[in-house]
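Taken in sequence, the protein lines are chains A and B. Numbered by the UniProt record's numbering, the letters in the first sequence go through residues 1 to 431 in order. Numbered by the UniProt record's numbering, the letters in the second sequence go through residues 1 to 431 in order.
Just so you know, the hints here were simulated from the structure itself, not pulled from any lab data. Warning: the hint list may mix true and false statements.
Remember, identical chains collapse to one label, so a pair may be satisfied in a single copy or spanning two.
[What the hints assert, rightly or not] Computed list of lysine-lysine pairs in BS3-like fashion (alpha-carbon distance at most 30 Å, straight line): (1) 241 with 171; (2) 240 with 418; (3) 217 with 28; (4) 421 with 385; (5) 240 with 171; (6) 217 with 328; (7) 418 with 241; (8) 28 with 337; (9) 337 with 20; (10) 28 with 328; (11) 226 with 240; (12) 181 with 421; (13) 171 with 378; (14) 328 with 40; (15) 28 with 153; (16) 153 with 20; (17) 340 with 28; (18) 171 with 224.
Since we're looking at a predicted model, the values are computed, not measured.
2 protein chains.
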Amino acid sequence: MEMISIGLLGLGTVGTGVVKIIENHQDKLMHQVGCPVQIKKVLVKDINKQRAVDINVNLLTTDAEEIINDADIDVVIEVMGGVEETRDYLLKALRNRKHVVTANKDLMALYGSELLTTASENGCDLFYEASVAGGIPILRSLVDGLASDRITKMMGIVNGTTNFILTKMSKQGSAYEEVLKEAQQLGYAEADPTSDVEGLDAARKMAILSTLGFSMKIDLDDVKVKGITSITEEDLGYGKKLGYTMKLIGIAHREGEKVEVSVQPTLLSESHPLASVNDEYNAVYVYGEAVGETMFYGPGAGSLPTATAIVSDLVGVMKNMRLGVNGKSAVTPQYEKILKEPSEIYSKYFLRLHVKDEVGVFATITSIFSEHHVSFEKILQLPVKEKGLAEIVLVTHQAALQDYEDILVKLRDLQAVKEIKSSYRVEGSSK
Amino acid sequence: MEMISIGLLGLGTVGTGVVKIIENHQDKLMHQVGCPVQIKKVLVKDINKQRAVDINVNLLTTDAEEIINDADIDVVIEVMGGVEETRDYLLKALRNRKHVVTANKDLMALYGSELLTTASENGCDLFYEASVAGGIPILRSLVDGLASDRITKMMGIVNGTTNFILTKMSKQGSAYEEVLKEAQQLGYAEADPTSDVEGLDAARKMAILSTLGFSMKIDLDDVKVKGITSITEEDLGYGKKLGYTMKLIGIAHREGEKVEVSVQPTLLSESHPLASVNDEYNAVYVYGEAVGETMFYGPGAGSLPTATAIVSDLVGVMKNMRLGVNGKSAVTPQYEKILKEPSEIYSKYFLRLHVKDEVGVFATITSIFSEHHVSFEKILQLPVKEKGLAEIVLVTHQAALQDYEDILVKLRDLQAVKEIKSSYRVEGSSK
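Using the sequences provided together with the hints, build the complete structure.
Below you can see the structure in the form of structure tokens.
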């Protein structure tokens, strides 16, 4: 090969980072790949816009076909985002035998399987390391580094925005709404933060991670999702007292042949490796039967970290080109997907209730738990400001989700229960 | 390929783990590689010894040549340890066109370059992920995951024994000797702990890591080493008060074209990601110009974690066999090694002195620092039990190692300085 030519779809912050890295690290790329790398064309919306990177205006185009159909372009890097249109572009690019590198988690969570199959049919590579936890080479580690192990549990802090918000709430004792505004001002949260704070972004990443880690086709719909918008300072305070830190955790758990995948606010024991992952950082904790506990930590987003992952994927594609082995590294899922029923999903739970401060209420409540064979690790009754009410805070031992949900229904029906203030999954042991 | 045959050199705890994983994960290996994998021969010292794994006694041999010269054996896995004899075996195996997977850090730190060259000349793979931080796929992450980035700093807790000892000393407030005994009883330290506690084991791993991370041939002799044997409870106590945790840290730092590599007890700011890596766990912190801060955490040793890394390397070899691309993935060092001079190595330092409690002593001492343009982040004078003495504890701002060493020489010569109690490198900011 005399030269490898890249077509870039998108020139936002990540695209700009890709251009910078390819320019600045030309000698390193050359050393690894054995030939120069050039960016031949870049798809943009507006050719005349001011850009944060010095790029020849002749390289810019507003017509994706000019990239997808350019016979000289070897690799298409997709950093434009979006789903349906982008999917069409990438399918066409793969059919035109261009390798693809993408950072698009939405696309991969929804159409990853179709795109990977198309890539394989056309002898092309499709790499997407940057789609999960930008700066952390987690997908490679799952596929190669832990290739011989059986992964049974993955827990991820895979959304920087929510981790930033929860860290601030916890450190400052501030309310959610207040910290969200701060995060928006600092650029850590978008004007419309829905996808982040409702857990959807994290769910997409967990679908991708669990598909790879369990070798099982997990769809986005399989991931149960709960966001962070209803978390209060009180919850964080109680958590802290009990030795827990609140994190938005994606959990993928395999037992035997069955799996569960969810994203939800979780009270994490302070001694858990994920508990000290703060601010906008991401981390993925992986438990393998043989290796035991491992964790991968780093920036989850950001222009340069994400661009690093993309260019590392590009290096992978180019090394494969040199060796003539593109399109052969993907391993199709080995197992049929079997999701756990709610009666098979076990966890500990934190529950906070306001109840009428009357004789017998405490006993009535605890008896509902024991009817469902759920016992307590900790239970506290505390006075509250409002007259005639008491607060009950409890942490259960391991309980089936089905039982726990049945209990919640019964508690809501009780006259004596004024309000279920909050309920969270708990991981690890309290103090 | 109908079948891939393995020759195993050594059947200690790690070798036993390798046998177990290959047996237990036969279907996963088959799925990834496309053909069965068998262990054909195993080199042992004593054929009749009781073993923790059920293995056909006919597979065992006491003659390495039976493995090295067996034309049917595709891959040699080396878990016997040792250096000179092992080197001969592996060189022969490579010349006989057998791929090699090794967990031998001593060997790789001393003869890695020779072995890799021989592998490449013979079209063979030589993989050694298990030689550094057993359960953490760090070498792959450096070579592939961060392929496009320029790594400027690596900091590693790469020895489980010393991390276990320092964690216990810190949590229990116990003395080094006492905790060492406990570690020996629990099997976390060997009867002769020299290689661990003097930092030699960590130094070998840092030589391997920095060679890969900086693409520069770093020899074991280039790594400055100091162990943990002289660390006292007092030092840990002062560290804690100032917001630091004591860790044995391997530091590899590149500035411009020059590098420094060392292993030494280091007071680490509690907010540093490595500060919460406790007990026998390992972690490698990597700073890349583009990606920023990342960290890889996991078990550093142990039979199964190390065996996982070995079998993952084996999968890598077998995938390459299937694709016909063995011996082509190694990248030779790109840069000439240039080591920093002591005048170019900058760090903060913690120093604890006992001085005569006389007028002017404090001023004399601080004036020595200012002569060398070293200023203080923190300086405390405290009374000590012994009459007529005072204790001075100080943390410097960034200082050149040369200056700091010159200062130490001058302090030792001072009449007023009774004893230099301790001196450590400091990373991060104090409280």
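Evaluation of the provided hints:
no.	hint	in the structure
1	241 with 171	both (14 Å within a copy, 21 Å between copies)
2	240 with 418	within (25 Å within a copy, 46 Å between copies)
3	217 with 28	between (36 Å within a copy, 16 Å between copies)
4	421 with 385	within (15 Å within a copy, 56 Å between copies)
5	240 with 171	both (11 Å within a copy, 21 Å between copies)
6	217 with 328	within (19 Å within a copy, 32 Å between copies)
7	418 with 241	within (24 Å within a copy, 46 Å between copies)
8	28 with 337	between (42 Å within a copy, 16 Å between copies)
9	337 with 20	between (41 Å within a copy, 27 Å between copies)
10	28 with 328	both (25 Å within a copy, 17 Å between copies)
11	226 with 240	within (21 Å within a copy, 39 Å between copies)
12	181 with 421	within (24 Å within a copy, 50 Å between copies)
13	171 with 378	both (25 Å within a copy, 26 Å between copies)
14	328 with 40	both (26 Å within a copy, 28 Å between copies)
15	28 with 153	between (36 Å within a copy, 17 Å between copies)
16	153 with 20	between (37 Å within a copy, 21 Å between copies)
17	340 with 28	between (47 Å within a copy, 22 Å between copies)
18	171 with 224	within (28 Å within a copy, 39 Å between copies)
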